[in-house]
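Chemist: One-letter residues, chain by chain:
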Amino acid sequence: MSSPMDPAGGAAAPANPGAGGRYYKRFDRIDRVMHASLMITFIGCAITGIPPLFSDHGWAAGLARALGGYAGAALIHRICAAVMIVVFVSHVARVFLVAARRTGLMAILWGPNSMTPQPQDIVDIWRHVLWFVGKGERPKFDRYTYWEKFDYWAVFWGMFIIGGSGLILWFPAQFAAFLPGWIFNIATVVHGEEALLAVGFIFTIHFFNGHLRPEKFPMDLVIFTGRIPEHELKDERPMEYERLLKAGGLAAAETTPPSRPAMYFGWIVGGTAVVVGTLTVVVIVYSVIT
Amino acid sequence: MIRATLRATALALMLGLAAAAGAKETGRKAADPNEKCLDCHAEAEPGDKSAAGKPVKVEPESFLKSMHGQAKVACVECHADEGVRKYPHKSPQPAQCSSCHETAVKDYAATAHGMARKGGNGVAATCSNCHGTHDIKPAADEASLVNRAHIESTCAACHGSEALVKQGKMPGGNVAALYHDSIHGRLLRSEGKAKDRVPVCTDCHGSHDMRPKKDPESAVSRANIPDTCGTCHAKVKKVWAGGQHGKMRASHVMTAPGCTDCHGAHTISDPKAPQWQVAVIRECGGCHTDYIKTYRDTYHGQVTDLGFTVVATCASCHGAHDMLPKSNPLSKVSDERILSTCQACHPKANANFVKFQPHANKHSKESGLILYYTTKFMQILLAGVFAFFGLHTVLWLYRGLAEVRRRRGEVNQEKH
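Residue numbers (the numbering used here), protein chains in the order written: chain P, 1 to 290; chain C, 291 to 706.
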């Protein structure tokens, strides 16, 4: 076994992780179901919500008609939004439940298994960018990298901003009971702009960071299978690997190879999401330019 | 008309008598003044042409059934020039109508057709283009080309022919096709009561008083359109006259829209048609340019832009013909009436609800500082995130590709 400090060690590992090798557990079943639900409902909201934002383009009217017209698209949008809110609330509840039962509150608020941004993340950003331009070693990431944390908190921010404004626009009379009507103007601006940010970010930056970058291309199946191959863990998250090695948790984290259904789901549903998302971005960029 | 008919009858009788007298002398039965002409022209083949390229065939039965045939008008009364009297005819001129139909011909000269023809436009219609030639029937006769039943096809013979429209540089293009698909054209073909009341071409344009649009006397001039449409749509005209557009017209602001500015002329749609209700928003926006921009920033404006009619259009809030400025208490959007206007769609709307700004300009501080700065904040947020991660992504792509190449190189070296 090559040292986790040796970058060539990971590179020499077989390109196809399916051909033997150890696997470690990264996401459990509930994490994966939640990601899949979030992914499907996000795309549902995106493709039904984008036509109004580009209403002056011919494709927008065509897309809206294809999605069932005004009534159909609005229904899909609201069903997806409601499911997304449920998924989000369940996730937050689960984090605290797990904390209460197993890890304790501190473990989710700080440390390598916490999503909280920490000083090390700032250092990592700086070193990562230096590595991009050929200066220095690649930073040794732990379980959650800074860009993963950004994605995670972006969902939180987005849920409040888009979800909150969306609810205001969904139930205007109820909100007008205690808010002035110009809140609908604010909600319209915020909902649309934040939606563009979310769609633009997920369908370009998240796709690139998670799947499309040369080291991962065309797709990282870890979020669908929940399992990370040993060479990837050593190569990309050496701090986590070493930490588990020292603490003796590596054996406990070891798991079976990915199941075929999970891989198929990843390839087909995840692949479709990447294609739909990329197409959406191409159309948006084209429309913004013209 | 009666005078003309009497004169024609008298002339015909005189000529008939003369012919009869001649017949007596020669001992032949010839009561018909046109017999001499028909001797040749009835015998001709339908395709036969004169030296000038004109058809020479005359169907005696068709002529006899025509108005002129019934009145026993002689051929030479219309084909009156000297050249026709002798045989072979020397360069005969076109048939003339003015000796009997003096007023009609005079009126025709001031019509769009008459003026175009005077101006050298050889395609512009003359009497025969609309009325026919040897088969002219009274307008009341259903077989007449100018009977209500045939007006559309008679006008369309020229105004529905792409080639003639182009050749004659006719204003409006193929207006016959547009009319055919308009609500008027469609009702004309329907089986309902409306088919006998909807306007055909001449109801709006007139016939012998059909002046060009730019002529102030024209029934379809900008100033006269409301009266012309109001002939049938009297109620709507009254409502329009009380609205801001009508009031502006009354004070001679001619840029204010009349009927056709919003509804179109030959393209008039059913105002209840959802597609039209959505399309007409662009007509409003054609003048109210700032308001359509801010409207398109709202959900109302976006959904209608996509072609769906469920949400508010301009008319939903402002009224269709009775729109008035917000400052007028009678306006649907005045402080006094706005709540009931919103409640038409949002029954639960309250005083808070109507503080919504349907035409807020998010880029102007005048529409509220919170909206303005929220918009600015969102723009900076988007620009910031995309700038940082855009650069991050580009650099990573560059490094990632370099890494992949390097590793591939290492693997190859190991193999050798």
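Since the hints were derived computationally from the structure, they do not count as laboratory data.
We put the beta carbon where it would ideally sit given N, CA and C, even for glycine.
Please note that a few of the clues may not be correct.
[Said to hold, decoys possible] Here are the in silico distance ranges between beta carbons for each label pair:
# : chain 1 : residue 1 : chain 2 : residue 2 : range
1 : P       : Ala71     : C       : Arg479    : 24 to 34 angstroms
2 : P       : Tyr286    : C       : Ala540    : 46 to 56 angstroms
3 : C       : Leu685    : P       : Lys140    : 17 to 27 angstroms
[Claimed, not checked] Residues from chain C that keep clear of chain P, each with C-beta distances beyond 12 angstroms, as calculated:
# : residue
4 : Cys330
5 : Ser381
6 : Met668
Chemist: Each hint should be assessed against the structure and marked as holding or not.
Modeler: Here is what the structure says about each hint:
1. Checked against the given bound of 24 to 34 angstroms, the beta carbons of Ala71/P and Arg479/C, roughly 33 angstroms apart, stay inside it.
2. Tyr286/P and Ala540/C have their C-beta atoms about 49 angstroms apart, which keeps the hinted 46 to 56 angstroms range intact.
3. Checking the proposed 17 to 27 angstroms range against Leu685/C and Lys140/P shows it holds: the Cβ atoms sit about 19 angstroms from each other.
4. Against chain P, the non-interface label of Cys330/C holds: every CB pair exceeds 12 angstroms, the least being about 64 angstroms.
5. At roughly 59 angstroms from the closest C-beta of chain P, the C-beta of Ser381/C stays outside 12 angstroms, upholding its exclusion from the interface.
6. For Met668/C, the non-interface assignment is contradicted: its Cβ lies about 4 angstroms from the closest Cβ of chain P, within the 12 angstroms cut-off.
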